[in-house]
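In order, the protein sequences belong to chains P and L. Start counting the first sequence at 22; every next residue gets the next number (our numbering). Start counting the second sequence at 3; every next residue gets the next number (our numbering).
Honestly, the hints are just simulated from the structure, not real lab data. Not one of these hints is a red herring.
Some chain L residues close to chain P (C-beta under 10 Å, calculated; not the full set):
{"id": "1", "residue": "Ile39"}
{"id": "2", "residue": "Ser43"}
{"id": "3", "residue": "Val44"}
{"id": "4", "residue": "Ser94"}
{"id": "5", "residue": "Ala149"}
{"id": "6", "residue": "Ile153"}
{"id": "7", "residue": "Arg168"}
{"id": "8", "residue": "Phe271"}
{"id": "9", "residue": "Met279"}
A virtual CB, placed ideally from N, CA and C, is assigned to each residue, including glycine.
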Amino acid sequence: MKKMMILFLAAALLFPFSAGAKTLRLAMDADPVSLDPHVQLSGGMLQYSHLVFDPLVRWTKDTKIEPRLAEKWERMDDLTMRFYLRKGVKFHSGNELTAKDVAWTLARLKRSGDFKGLFEPFADPVIIDDYTIDIKTKKPYGLLLNMCTYIFPMDSKFYTGTDKKGHPKDTIVKTEWSFANENESGTGKYVVAEREQGQKWVLKAFPDYWDKNTGNVDEIILTPISEDATRVAALLAGDVDFIMPVPPQDFDRIEKADGIKLITMTGSRIITFQINQKRREEFKNAKVRQAMVYAVNNAGIVKKIMKGRAGVAAQNSPRGYQGHNPALQPRFDLAKARQLMKEAGYEKGFTVSMIAPNNRYVNDEKIAVATAAMLSKIGIKVDLKTMPKAQYWDQFDAQVADIQMIGWHSDTEDSANFYEFLYMCPNKETGYGQYNSGNYCNKRVDELTLASQSETNVEKRMAMLQEVEKILYDDAAFIPFHWQMLSWAGSDKLKNANDIINVMNFPYFGDLIMK
Amino acid sequence: MFAFIIRRVFQALIVMLIISLLGFAIKQSVGDPVREITGISVSAEERDALREKLGLNDPFLVQWVRFLDRAVHGDLGNSFYFKRPAFDVILSKAPATLELVFATALLVILFSVPIGIYAAVRPNAWPARFLMGASIVGVSIPVFLTAILLIYIFSVTLGWLPSFGRGELIEIFPGWKSGFFTWDGLAHLVMPSVALTTIMLPLFIRLVRAEMKEALETEYVKFARAKGLRPSRVLLLHAFKNTLLPVITVGGVQLGILIAFTILTETVFQWKGMGSMFIESIERADTSLTVAYMVFVGFIFVVVNTIVDVIYGLVNPMVRVAGGRS
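Here chain P stands alone, though its shape is the one from the complex (with noise of 0.2 Å):
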């Protein structure tokens, strides 16, 4: 019986808090580059945004917005919107949450090199109290919420001050030791408890976090795994929870697999081809673009390459988006390629240049191939060379190919991004088409895109972005192939995996509740 009591004993020393304690074992692709959420605009430090910091307002799974570091807000004028923040929020140094760290924020984003371009139509904020504050912008805006849903509050008073190197606190490196690269105070659910960078981190969750109703993980162990198949495999042996993304040659064996629910779901990144007209006389003409448009099977690609895993585009938004067009339908349909291409009086064809990267896209090397395959049917003979990413986007600046691929994620999770990057005249002092390498241009286009940033009635923007993918479906500007999916994969220990995720890919661990 003594013996009992002291096995019992040393039984509950041993593991004091299994009981409650709940740790999330993620593995993703790659980890955060920084603590410092303004270093880079990148799917990566957005996720740790989330976990670390919270922004103002967030993106529901349905694409609306919801209120977090922000209660409620209200349409002051054309220029203003007024938010309430939440009062009683500490940030993880301890210090609480007023306006001005929010204009604070602000302010650096603007600063930062990557941001600055998001909040270019910002004007200064005005501060009304500790817990209100004016966002302004210079014109009429439309999109000053969904850009709010990038302001996650810093501490201002945390990140004030020389470090050691004798910079401010608050300086912005990308290549460098910084105080901000290596220390963070955010209001978010989880502090950054240990960090080896590319291997390994340690969240813990912050026990003064404001928000009592969220998931119930205490620990989250964050080992990035580049390597496809160890990740999968890892998955598989139970040594990690969740994993994202997961390779697509791998979904049936995880949808088989026990215990181990596979989530994916349409993203918003739009796979296309632009077709150069500058470079090549014959793609000034509207036909044979049209024609190119006609012999790409796309919804072929997608059965056939990419096994189904991805939705059919015709045109750049995905569904939700304001400027989607549902009118809009892919075309295939190779007799009327043919046709269009007679009519273009280049029967005979031409051979023309390609370049795709090899490992950016899903399938990127695959889908060139076909598409190639495809043009061949039309008399288009094509050269194709496709590189790493890494080399991949100054050839592309560079425009060394007549047909060069480029998929495109809306950061603003709005139509007219597309067309500012990717179909408005390129223009070297405005920067818009920056990434058009077709050389498309239009009028209409820029006159529609332009009037669309500062019109604040939705009904009468969704119409202006619904002409303008109708114009560029017409034109055929570009090829269009399809969106992404998205996809992750987790352990049924995860209760609610599929409310956590969305389509911007930032998967709201805080929330997570697991068995």
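Start from chain P and add chain L according to the hints.
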């Protein structure tokens, strides 16, 4: 002798210059680091300003000379991704690789010696034939595939061993976190070291067997047998001892190759050592780390080789004469 040493050091310096030049040439074609560290929507001017700040707009030779100047002062540049001096990053990753190589070397010795001796003594016995055949299979499968197979058998299907990483580590002295002293750490070490061993083992079994066979034919072994010594004593003390020299020489050379193979093994097992760091630095276009690593590894090899050469010269005057003006 002094002239010989000076000559060797001078040669070593030239080799180092060539290595750094090669590293730089590769760096230019790996890709653009600025692309990697900025969001895609960042404006061209913003990107160019950053490139200018990092000195990436300067001509190739200017960049190279600047790198050399700093390298001489012990600064190999800053890793863009780790945001730390590249040299520190490399040093922090070294223990993982060294432990993996050490464990593999241990396994190779443990298996190649008895199997090699056995195969030499009983060349026609079926276990010997089986082992020789099996070892061929091991070396002909790419280490990448062996590693994946191991993971699927022992982690996914059987659930015996952890699938990735180094497990629980203990800091044995500052900067050296070791996995040798915890069960968890050792369990994580099993599969990566076995995968690497399959590549190295066949060569050493064959080497031991060949040398052993030769030794068994020699007069002194015959004599020892004729004297009526115990067979085990003849095998181990007389014959085996004399096979050791060539085995050690080849072993030294193979150690370098082993480090090269760690790149693949580390990548599959997410063993965060220098090998996976190198591959990742290329994928991330973290070019300053790529170059620093090449120069660092080159430096170690050159220093070791130079020291060996100088010692050879001290021991064997013929080397000195052969290398000099004669």
